[in-house]
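**Q** Here is what each chain is made of, one letter per residue.
Protein chains: 4
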Amino acid sequence: MPSPLEQATADAFTWKVRVYWEDTDAGGIVFYANYLKFFERARTEWLRHLGIGQQQLRDDVGGMFIVSATQVNYHRPARLDDLLLVTARVREAGRASLTIEQSAWKLPAEGEEPGAAVCLCEGSIRIGWVQADSMRPGRIPAQILSALSGESLDT
Amino acid sequence: MPSPLEQATADAFTWKVRVYWEDTDAGGIVFYANYLKFFERARTEWLRHLGIGQQQLRDDVGGMFIVSATQVNYHRPARLDDLLLVTARVREAGRASLTIEQSAWKLPAEGEEPGAAVCLCEGSIRIGWVQADSMRPGRIPAQILSALSGESLDT
Amino acid sequence: MPSPLEQATADAFTWKVRVYWEDTDAGGIVFYANYLKFFERARTEWLRHLGIGQQQLRDDVGGMFIVSATQVNYHRPARLDDLLLVTARVREAGRASLTIEQSAWKLPAEGEEPGAAVCLCEGSIRIGWVQADSMRPGRIPAQILSALSGESLDT
Amino acid sequence: MPSPLEQATADAFTWKVRVYWEDTDAGGIVFYANYLKFFERARTEWLRHLGIGQQQLRDDVGGMFIVSATQVNYHRPARLDDLLLVTARVREAGRASLTIEQSAWKLPAEGEEPGAAVCLCEGSIRIGWVQADSMRPGRIPAQILSALSGESLDT
Numbered sequence: 001m002p003s004p005l006e007q008a009t010a011d012a013f014t015w016k017v018r019v020y021w022e023d024t025d026a027g028g029i030v031f032y033a034n035y036l037k038f039f040e041r042a043r044t045e046w047l048r049h050l051g052i053g054q055q056q057l058r059d060d061v062g063g064m065f066i067v068s069a070t071q072v073n074y075h076r077p078a079r080l081d082d083l084l085l086v087t088a089r090v091r092e093a094g095r096a097s098l099t100i101e102q103s104a105w106k107l108p109a110e111g112e113e114p115g116a117a118v119c120l121c122e123g124s125i126r127i128g129w130v131q132a133d134s135m136r137p138g139r140i141p142a143q144i145l146s147a148l149s150g151e152s153l154d155t
Numbered sequence: 001m002p003s004p005l006e007q008a009t010a011d012a013f014t015w016k017v018r019v020y021w022e023d024t025d026a027g028g029i030v031f032y033a034n035y036l037k038f039f040e041r042a043r044t045e046w047l048r049h050l051g052i053g054q055q056q057l058r059d060d061v062g063g064m065f066i067v068s069a070t071q072v073n074y075h076r077p078a079r080l081d082d083l084l085l086v087t088a089r090v091r092e093a094g095r096a097s098l099t100i101e102q103s104a105w106k107l108p109a110e111g112e113e114p115g116a117a118v119c120l121c122e123g124s125i126r127i128g129w130v131q132a133d134s135m136r137p138g139r140i141p142a143q144i145l146s147a148l149s150g151e152s153l154d155t
Numbered sequence: 001m002p003s004p005l006e007q008a009t010a011d012a013f014t015w016k017v018r019v020y021w022e023d024t025d026a027g028g029i030v031f032y033a034n035y036l037k038f039f040e041r042a043r044t045e046w047l048r049h050l051g052i053g054q055q056q057l058r059d060d061v062g063g064m065f066i067v068s069a070t071q072v073n074y075h076r077p078a079r080l081d082d083l084l085l086v087t088a089r090v091r092e093a094g095r096a097s098l099t100i101e102q103s104a105w106k107l108p109a110e111g112e113e114p115g116a117a118v119c120l121c122e123g124s125i126r127i128g129w130v131q132a133d134s135m136r137p138g139r140i141p142a143q144i145l146s147a148l149s150g151e152s153l154d155t
Numbered sequence: 001m002p003s004p005l006e007q008a009t010a011d012a013f014t015w016k017v018r019v020y021w022e023d024t025d026a027g028g029i030v031f032y033a034n035y036l037k038f039f040e041r042a043r044t045e046w047l048r049h050l051g052i053g054q055q056q057l058r059d060d061v062g063g064m065f066i067v068s069a070t071q072v073n074y075h076r077p078a079r080l081d082d083l084l085l086v087t088a089r090v091r092e093a094g095r096a097s098l099t100i101e102q103s104a105w106k107l108p109a110e111g112e113e114p115g116a117a118v119c120l121c122e123g124s125i126r127i128g129w130v131q132a133d134s135m136r137p138g139r140i141p142a143q144i145l146s147a148l149s150g151e152s153l154d155t
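Respectively, the protein sequence lines represent chains A, B, C and D. Residue numbers for the first sequence follow our numbering, so the first one is 1 and each next one is one higher. Residue numbers for the second sequence follow our numbering, so the first one is 1 and each next one is one higher. Residue numbers for the third sequence follow our numbering, so the first one is 1 and each next one is one higher. Residue numbers for the fourth sequence follow our numbering, so the first one is 1 and each next one is one higher.
Warning: the hint list may mix true and false statements.
Each pair may be met inside one copy or between any two copies, as identical chains are not told apart.
[As the list claims (entries may be wrong)] The calculated lysine-lysine pairs, modelled on BS3-like cross-linking and capped at a C-alpha distance of 25 angstroms, are:
{"id": "1", "residue 1": "K16", "residue 2": "K106"}
{"id": "2", "residue 1": "K106", "residue 2": "K37"}
{"id": "3", "residue 1": "K37", "residue 2": "K16"}
Hints were generated in silico from the structure; no laboratory data involved.
Isolated chain A, as found in the complex (with noise of 0.2 angstroms):
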């Protein structure tokens, strides 16, 4: 039986992040704002994976995706030193705007058991298309959307 970390990795993209000093607050634990910076790396480098950068796709073609929602729930805290790794999957995929699923996980430190993989906060990012100069929404490259749909996913 797949354990909550399978599940939740399967068919998804994943990209390991480490929680430095900066990512931390005075409770001691990740701010929690800075685990939408973990869910966009992970979406900039699965772009990056499929060939995609979106600097060079700026230059050619003007535009840039922009996060119209976001939504998370935090279960358990990380601190630093901690190894996540961070999922993330397409739930939805429409001309004009990606619904993206992801979480972050706490992995096990060397010596613990692998099974203890703990997940930390999960949620969903929606994101648009737009042109940089006006920021008026415009349809996905047809490029973009074929590569996150047609993708197997597994890195």
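Since chain A is already given, all that's left is putting chains B, C and D on it; use the hints.
**A** The following block gives chains B, C and D in isolation, referenced to the frame of chain A:
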């Protein structure tokens, strides 16, 4: 008839936030995760306005707020030098968690129409209370709940 | 005899900054890199006080400031909820670069001795001027140089 | 004859950093304060490479590093999607403080000349050691000093 901004600020605490370089990204706009920082500044100033200091509380009772869920819809981007008004108001208050409804508005620049405030984003933040050392959930101190509920909230 | 704070603020622009959760790290103190943000807020507000908007300048003349060197000595840490006073004053002004002397002070909390302000850190920031599209260096607009030099700087 | 990058990395620890949206500002480049984060990631990974975990150290001996001075010269900007190489090497080591020499380089993109690495910025970071609860200075644990000094530093 009240304007959208008047409706949003009725019975709400409000706090002004200026957009600096640190808040923006290469898209030329405020990085979306940073609105969570702006929302938190407003919540913190609201507590301060009610006589509640979070560092003091932690020193005194060993507890602190922790964010358990965030949900934000982004409508329009803010840019460098914009002056924002951030609102905060209790939507639900329980013994162990509070849900705060928040929004950020771009205020008209000098010489612009006063009614021209634009809603940039809006959402809700659910916060719980934990013991700082163990991160175990606990009841929100009665002092805080009554202050947040009994307050007329006009600044 | 003037106090250290009085000496630091003589002929300087000053700007108050409150420490929020976002500014702190797991050491329980303000993350040192964030003082550079506080310093920049003060420089930006100084320009604004002189009638200079950076977004406006960029739209009008296509140029922007860029930081070319920073040097900061850290003496004492700030904590959540502390109220800081940040100073800024021109040390050297040339046609292509400006060196700004800055410091951050912890202001006494309510009920504390007014003279108890503590210098948290101090340093200097050298800034140049570039064309925003090419990043090529250029002369700082005369309007800015004369405003910064001719100003009596008392707020 | 060694290239500038080869000279910079000789006897230095190196760590790769990718530029994400979160690192950039409305100038279209990496916000200068964020290089201090990149430098710290390299120092942290260096310690980890030497078997030293900072969270573990704090749990075990109650102490932590604190930055007491930073000095950075910025030569060229980095942009979204750039891949950087960050270096770290001991310049001076005393019982109570360490000065670390650091630099960030833009690595050539695929298809570019390998020798085309460009130095973006360089500087030095002085760090001391404090008791985490009192923030009082103390001696850097001998374990860390000998590890940093005795190490050949090739990764």
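**Q** Have a look at K106 and K37 and pick one of within, between, both or neither, based on CA distance no larger than 25 angstroms.
**A** both (16 angstroms within a copy, 22 angstroms between copies)
**Q** State whether the alpha carbon distance between K16 and K106 is at most 25 angstroms within one copy, between copies, both, or neither.
**A** both (10 angstroms within a copy, 22 angstroms between copies)
**Q** Within a copy, between copies, both or neither: which one fits K37 and K16 at a CA-CA cutoff of 25 angstroms?
**A** both (13 angstroms within a copy, 18 angstroms between copies)
Consistency with the previously given hints is maintained throughout, with no hint failing.
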